[in-house]
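These protein sequence lines are chains A and B, in that order. Residue numbering for the first sequence follows my numbering, beginning at 1 and increasing consecutively. Residue numbering for the second sequence follows my numbering, beginning at 1001 and increasing consecutively.
It is worth saying that the hints were derived from the structure and are not from the lab. Some hints could be false.
Straight-line distance between alpha carbons at most 27 Å, and here's what the computed DSSO-like set of lysine-lysine pairs gives [unchecked claim]:
hint	chain 1	residue 1	chain 2	residue 2
1	B	Lys1167	A	Lys116
2	A	Lys116	B	Lys1222
3	B	Lys1223	B	Lys1080
4	B	Lys1097	A	Lys77
5	B	Lys1196	B	Lys1097
6	B	Lys1222	B	Lys1272
7	B	Lys1196	B	Lys1165
8	B	Lys1196	B	Lys1248
9	B	Lys1196	B	Lys1223
If you want the building blocks of each chain, they are given just below.
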Amino acid sequence: MAEIWENFLYWKRKFTTDESAMARSYTPKVVTANALVEGDVIYLTADDRWSRRHEEAELIEDEAHAQLRLLHAQSQKGLIVGAYLADAKAGPDGPEPTHFREAFRTRGPSNYAHGKQETGNV
Amino acid sequence: MYRYSDFDAAFVAQRNAQFRSQVERRIDGSLTEDEFRPLRLMNGLYLQLHAYMLRVAVPYGTLSAAQMRQLAHIADRWDKGYGHFTTRQNIQFNWPKLTDVPDILDALAEVQMHAIQTSGNTIRNVTADHFAGAAADEIEDPRPTAELIRQWSTDHPEFQFLPRKFKIGITGSPNDRAVIKSHDIGLRIVRGGSGKIGYEVVVGGGLGRTPMIGQVIRPFLKKEDLLPYLEAIVSVYNLMGRRDNKYKARIKITVFENGMEAFRDAVEERFKVTRTEFSGIDQAVLRDIEAQFAAPAFRTAPTTAYETARDTDPVFRSWTDTNLADHRAPGHAIVTVSLKAHGATPGDATSAQMRLLADLADRYGHGELRISHEQNVILPHVHKSDLPALHAALKGEGLATANVGLISDIIACPGMDYCALATARSIPVAQEIATHFKAIGLEEEIGALKIKISGCINACGHHHVGHIGILGLDRAGVENYQITLGGDATENARIGERAGPGFAYDQVVPAIERLLRAYLSLRVDPAESFAVAFQRLGAEPFKAALYPAEAARDAA
Chain A
1 MAEIWENFLY
11 WKRKFTTDES
21 AMARSYTPKV
31 VTANALVEGD
41 VIYLTADDRW
51 SRRHEEAELI
61 EDEAHAQLRL
71 LHAQSQKGLI
81 VGAYLADAKA
91 GPDGPEPTHF
101 REAFRTRGPS
111 NYAHGKQETG
121 NV
Chain B
1001 MYRYSDFDAA
1011 FVAQRNAQFR
1021 SQVERRIDGS
1031 LTEDEFRPLR
1041 LMNGLYLQLH
1051 AYMLRVAVPY
1061 GTLSAAQMRQ
1071 LAHIADRWDK
1081 GYGHFTTRQN
1091 IQFNWPKLTD
1101 VPDILDALAE
1111 VQMHAIQTSG
1121 NTIRNVTADH
1131 FAGAAADEIE
1141 DPRPTAELIR
1151 QWSTDHPEFQ
1161 FLPRKFKIGI
1171 TGSPNDRAVI
1181 KSHDIGLRIV
1191 RGGSGKIGYE
1201 VVVGGGLGRT
1211 PMIGQVIRPF
1221 LKKEDLLPYL
1231 EAIVSVYNLM
1241 GRRDNKYKAR
1251 IKITVFENGM
1261 EAFRDAVEER
1271 FKVTRTEFSG
1281 IDQAVLRDIE
1291 AQFAAPAFRT
1301 APTTAYETAR
1311 DTDPVFRSWT
1321 DTNLADHRAP
1331 GHAIVTVSLK
1341 AHGATPGDAT
1351 SAQMRLLADL
1361 ADRYGHGELR
1371 ISHEQNVILP
1381 HVHKSDLPAL
1391 HAALKGEGLA
1401 TANVGLISDI
1411 IACPGMDYCA
1421 LATARSIPVA
1431 QEIATHFKAI
1441 GLEEEIGALK
1451 IKISGCINAC
1461 GHHHVGHIGI
1471 LGLDRAGVEN
1481 YQITLGGDAT
1491 ENARIGERAG
1501 PGFAYDQVVP
1511 AIERLLRAYL
1521 SLRVDPAESF
1531 AVAFQRLGAE
1541 PFKAALYPAE
1551 AARDAA
């Protein structure tokens, strides 16, 4: 019961505070997924390609547009797996990740120069 | 070692053919990812952060030289030339392409291996003492029992959709090297009052979000009652286990919420039924299996070459001090080959290392290898006179590190370098601890110590039962590491206690150094290990070392 009540309060707080904040700013997003065959990390570009480079992703600053782009990505079942929206920010060369998990996804593991480090995509 | 029967071979071949067709249908669009995902998971294929990962079962940690060679071949042909041995005695390939996986599974089947039930809410690979069949303190080799359980649990029609995954571990020795008390079911082979061999059955252990030490549900179970009793436990769990909340779905929660007494009563009630359903065929199967695990012909020979090398070669001597364990046959030793060279990724072996280990197993170890949950490779039966040559050969591929049981012999899960569930990295933390303590020359002085690192709360790195446990978390978008102290993974299993607030990534190694310098100054003598000193002194002096500012403030 306590858990339900805490949940309720959390969402109530989130709703009342985020709602007004959201109207002003939406954390920009990129659409990312994994390639169906290789499993490699990929990003949806503004011109509807899947790029292996984060900086080529479309930086989406509008929530409704983000949802549309995500739906568009998810419809490409034969190419990709597990599309989602990841937080990002604008950088000098294009969108940059804001969270360390997404930063690791742009590179590959830290113990070997494998993944994108190997293919020269970083 | 167990050899597949025709039935086993046909079953695996059929499953592989089914999976090949499922992959084809996924690629041509007939299957959606939602449809395909449970099918690939049934065959051990995960999608991780950067690529797919194939988890291959190494049943009860036992490998033949031929199997190890095939793993090397798979690593070279379809992966990046290495494999990662896990804390559940499995091997993971981190970079397979989806379209190559059916071929990999066929290559595994050639050497009687597969990836079935290495994922999903099923009974997973049964793990066992990695010294099984060799240990001096062993009552009975646990592997025939483990193989029997594997045959019973593989494709068991009632247990393919359990509330959650289910792990069984077994040891044949009083000294528990298989962490059985952290398993859903732990089995310990014991000698009953009459001298008859049976099982002590432990249930409800588990690490993860809610760590619990398993409790004894049956102090002595007759050998012939094993499968009916396991069937009773798992079927009671299948009904009583919670399916409404994935975090409360493991059997440890079922036992905890219902109480051991109520759970035991339900199991015993069910056991009355299951016992009548087994006709004794399982015991006939077990006898066949036991015959296949007959010990190799150990030779009688002088060990003078070993003694001489110990006297003349300090490097060899130090390796034998740390990496050997007592064998039950005179003149023999169990060799643990460390996959923890300082700075290397714990549990990783290159294809060249795998081939060398296979060759050395053939030459010196009756063709047998084991994988430990501590992510090392074991040559279980080596005559001591062969040790100098073995040691020299291991050096060739960087496999002669003399650090088993020391600070650099760290268990670490793949963490956020690979795993999609991870909240922080573990591998680089392990690498830095290993290289740092070697560089400052304290490794030998610190002596026996188990550090275990997990990159998320699911605790694949067993951090709760490390003398020092490290848990990587995401705190407000930054990697943060909690330290637990005083855990124990043996027959005296104990969950470590959290020391206090977490540390930033670059503060972990300095914190561990403060902790261990405190230990060095507090221990009675070098024979008192960190674990023993911690039990004697309690957490306070170690917490004070970890958090000097707080300690100073409290003192003021």
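Hints versus structure:
1. Distance restraint check for Lys1167 (chain B) and Lys116 (chain A): the Cα-Cα separation of roughly 35 Å exceeds the 27 Å cut-off, and the hinted pair is therefore not satisfied.
2. The suggested pairing of Lys116 (chain A) with Lys1222 (chain B) is violated, with an alpha-carbon distance near 55 Å, which exceeds 27 Å.
3. Annotation: proposed proximity of Lys1223 (chain B) to Lys1080 (chain B) is violated, straight-line Cα distance about 44 Å (limit 27 Å).
4. Of the pairs offered as hints, the one joining Lys1097 (chain B) and Lys77 (chain A) holds, with about 17 Å between alpha carbons and a cut-off of 27 Å not exceeded.
5. Our distance criterion of 27 Å between C-alpha atoms is broken by Lys1196 (chain B) and Lys1097 (chain B), whose separation comes to about 51 Å.
6. For the hint pairing Lys1222 (chain B) with Lys1272 (chain B), the CA-to-CA distance comes to about 14 Å; that is within 27 Å, so the pair holds.
7. Straight-line distance between C-alpha atoms of Lys1196 (chain B) and Lys1165 (chain B) comes to about 32 Å, which puts the hinted pair past the 27 Å bound.
8. A hinted pair counts as satisfied when its Cα atoms are at most 27 Å apart, and Lys1196 (chain B) with Lys1248 (chain B) does not qualify at roughly 38 Å.
9. A threshold of 27 Å between alpha carbons decides the hint, and for Lys1196 (chain B) with Lys1223 (chain B) the separation of about 9 Å falls inside it, so the pair holds.
Of the hints listed earlier, those the structure fails to meet are numbers 1, 2, 3, 5, 7, 8, in rising order.
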